[in-house]
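Asks: Hints given; two lone chains; assemble the complex.
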Amino acid sequence: MNDRRTHFHRELAALEADLVGVAGRAEGMIAEAIRAVVEDAPDVADAVIASDAEIDRIYLDIHDRWLELMARQQPMGSDLRLMSAILVLNATLERMGDQCVNISKMATVVHGLPRSEQILEELQEMADLVRPMVRRAVAAFIRRDVAAALTLPEMDEPVDRLNRQMYQRVVACGPRKEQLEWATRMMMVARALERIGDQAVDVAEQVVFLATGEFREFGDTAGSGDRT
Amino acid sequence: MSQIASTAELRPVPPVGVSDELSSEHPVVFEVRDLDVFYGDFQAVRGIDLDIRQHEITALIGPSGCGKSTVIRCLNRMNDLIETARVEGTVTYHGVDLYGPDVDPVEVRRRIGMVFQKPNPFPKSIYENVAFGPRIAGLTADLDDIVEESLRKAALWDEVKDKLDEPALALSGGQQQRLCIARAIATSPDVVLMDEPASALDPIATLRIEELMIELKEDYTIIVVTHNMQQAARVSDRTAFFSVEVGEGGRRTGRLVEFDLTERIFTSPSEKETEDYITGRFG
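Chains A and B, in that order, give the protein sequences.
Read the first sequence against numbering that gives the first Met the number 0 and you will find it ends at 227, with the numbers running on by one and no gaps.
Read the second sequence against numbering that gives the first Met the number 0 and you will find it ends at 282, with the numbers running on by one and no gaps.
A couple of the hints might just be wrong.
[As the list claims (entries may be wrong)] Derived CB-CB ranges, DEER-like:
(1) B:Val-245 x A:Arg-142: 39 to 45 Å
(2) B:Asp-201 x A:Leu-66: 55 to 61 Å
(3) B:Ile-213 x A:Ile-141: 37 to 43 Å
(4) A:Arg-134 x B:Val-245: 56 to 62 Å
(5) A:Arg-9 x B:Leu-260: 28 to 34 Å
(6) B:Asp-161 x A:Glu-216: 55 to 61 Å
(7) A:Leu-66 x B:Ile-213: 45 to 51 Å
(8) B:Asp-218 x A:Asp-63: 40 to 46 Å
(9) A:Val-108 x B:Leu-260: 50 to 56 Å
(10) B:Gly-46 x A:Glu-53: 25 to 31 Å
Hints in this document: simulated from the structure, not taken from any laboratory.
Owing to the predicted nature of the structure, the values given are computational and were not obtained by experimental measurement.
Backbone N, C-alpha and C fix where the C-beta goes; we use that ideal spot for every residue, glycine too.
In isolation and in its complexed conformation, chain B is listed as follows (with noise of 0.2 Å):
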């Protein structure tokens, strides 16, 4: 890791106007230069470039074991919760080494927020999962306007308002899944990172979390990873398309093979790897 940076100067640039059209003008987010994961004598991933641009959606595809939510879980340092992983390259958030010595991984996962394939709400009131966050981070003065500006902006707040006190796990589980946005959502990060939030969901709750998601991006930065090809057409402005190599022994590592604007990456791709797995020829 090249920079050393404090936790407060890992402060997000002040949005910008968000364009219906896309263009490179929106700021770069993260740089993501030349990483490497291992797992121990492992290597899930090797040589990642990437930029992700603010008030995008971007999502990240491919087959199993390609590394993709290996990659996700870099973004908010999430791999540092596993003792054997390494990370080696450059993530830079907004300018700043993301794993600088001086960092505060639990400050940068407040500013980068997840959501899990699972839904995963505490066994606690739904008020109580929301207000959690805000909580913590000693933000107890207008907790009451934070949930229900959260839950709003998770559209969720219609269907709960009159059931704030009523456990959360007695939610459906597409109710639970905004739930879990709603509550990453309130401690007011810059980013979300949402890793296949949507693949344990029937298709009407998958789809209001598709519609939800581009939504927030007028407020948020949206990183997902899936494994629905058409979900990452509907929602993305980008996509990342990752593949595996087999190395030595059967070692399997996962690389970028393309990363482009979504509308090209599957309409006309430029690899022809991407072509085959897009059109199911692959394999």
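One chain only, chain A, in its complex shape (with noise of 0.2 Å):
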């Protein structure tokens, strides 16, 4: 098979190329603002909000390429879709970023406040689930594995029953001020873990669309209804 486009498919390629390297980014990012706030370290916050310079300046440099190539190259079929996936993605591990961010800044506010340690282990256990589902739903895009993508509703309902429960755990945590502020950012910080398995799903509905050229919200047909 001669490719008669093959400037276009290596610009192509290696757009996608950059898109995984943030994913795999975005990975590391969830693990270490998880562990700021788990060993109460604001250094180690402080390094995840200044990585993710790292992963706008992709985003940014992605969109660029991207746009160029959209208004040179003009795609069809398999290429049209993956440069809709691509632009769909970029967007979707950026927010990810932002969302470690986020629990990050929450780990800078709380440093030094009374904690709860049952709260501490199930934000560990929202963060160990959520990271597999980044993974694999990349590992999906990567390989086009509609049925490897189709799983991922089903990793995020522990994540979602938990986030729900995180309510219950602050009020348990009493009237004590201090602790009651601690338990309220943490529950930003479930929350942001939990928009971070959303947007695991997202990636996973991108990758069925590529693979297939039908687009759907897992949430309509997967049964898991939930997506808050």
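Replies: Here it is as structure tokens:
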């Protein structure tokens, strides 16, 4: 099979490779952001916040190259679907980085406040659930693996459940003002982790679109129903 | 050919209301079944099945030699003019066998007009170019009105209304092509066939032709052969992708690979061969 558009396909492959690189960075940021919270380590939080600048730089670079390719190459068929998926994934992964920044800022704000070990354990559990979701969604994207992508909603369910019960954990912290302040911030951390889980599902939706040409929201058909 | 029909039966069905939304309710104008075309011993196309729907633009795309021009020329019996050409299979037009023994090819070409790659106005005035067809058909009573209406529909009236007696060949290439479109529609056809109508034009003139095609589909059924995939994507409602199969002795025969809504052909075609062609992975 001769490729009559080698230049374009090389550029497209480079764009995809850079995007996958961002996904790896984002996954690493999740681990570090939750470590900053669990270990009460503001220096780790600062490092996460600083590292987001690189994701933002690559995000803008991918966007510029995407626009140029679109204008100059007018892709069609699976190339067009890949371009569409890259645009969505680029924004999704950049927002994942932003969620890690949000988590890290919470870690900085609550430094030194009294904590609840149960809440920390559950936040760690959420992070441990979310990171494999990102990894699997991105692997499915690389391999155009619809079957793997379709497992994401199920992986997201325990994350949603932990997020929903976080309110009860916060209320259980009692009337102590300082611990309540800490716990309230942790509810926002849980919310950020839950959003990252949703974003991993968004990536998986793009995988199905890329492979089949059909775009649908998993929440409508996969039975999870709850994407809040 | 299966059916015998008189010229009188070659009557278009009444136009239906044109909806913005594509619908399978648009009646079929041409039904092509198992079409084979030969030039002498050479088989140009094989086994073509195609339904062309009313008030739609159907684009035929594919590499050189895939038979798309051969197929479009079967739709108004232009291949009759080639001595060695032989057409097998069925082409019905509004349900009537287009190749029936009683069908008059001249009447066929009046109802099914054609615009070619290179603008080919007659070396006459602008007016006479448009009036030519109606005159031949004996329509002389309202000739001025026919000429004006045809030029208006072809989006050329405003540019030529003050110089109708000037030579058509003095017009620009894009204007000449729109004049040829005006000439084609002056005989009140039902269908307009366009064989690469913009390939000899600059980008601005090309866009004018494309805009015109979209306007004209309200009144006519349009079938366009184009090498320009982006043009097919921009203007057509449905796209037929043709390819070439190489047989014994390197003989190349065209065949239809896929026919679907244009949006589907250019975003997620069903056939790998179509996908390879539109993404540039072929040959």
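Asks: Against each hint, give a clear statement of whether it holds in the structure.
Replies: These are the hints, each one checked on the structure:
1. For the pair Val-245 of chain B and Arg-142 of chain A, the beta carbons lie near 34 Å from each other, so the given range of 39 to 45 Å is not met.
2. At about 26 Å, the CB distance of Asp-201 of chain B to Leu-66 of chain A disagrees with the hint of 55 to 61 Å.
3. One distance hint, 37 to 43 Å for the beta-carbon pair Ile-213 of chain B and Ile-141 of chain A, holds here, with the actual separation near 41 Å.
4. A hinted range of 56 to 62 Å is violated for the C-beta pair Arg-134 of chain A and Val-245 of chain B, which are about 46 Å apart.
5. Checked against the hint of 28 to 34 Å, the C-beta distance between Arg-9 of chain A and Leu-260 of chain B comes to roughly 31 Å, which is consistent with it.
6. The given range of 55 to 61 Å is respected by Asp-161 of chain B and Glu-216 of chain A, whose C-beta atoms sit roughly 59 Å from each other.
7. In this structure the hint that Leu-66 of chain A and Ile-213 of chain B lie 45 to 51 Å apart at CB is violated, the actual value being about 27 Å.
8. In this structure, Asp-218 of chain B and Asp-63 of chain A meet the distance hint of 40 to 46 Å, their C-beta atoms being roughly 45 Å apart.
9. For Val-108 of chain A paired with Leu-260 of chain B, a C-beta distance near 54 Å keeps the hint of 50 to 56 Å intact.
10. In this structure the hint that Gly-46 of chain B and Glu-53 of chain A lie 25 to 31 Å apart at CB is violated, the actual value being about 57 Å.
In summary, the numbered hints that this structure violates are 1, 2, 4, 7 and 10.
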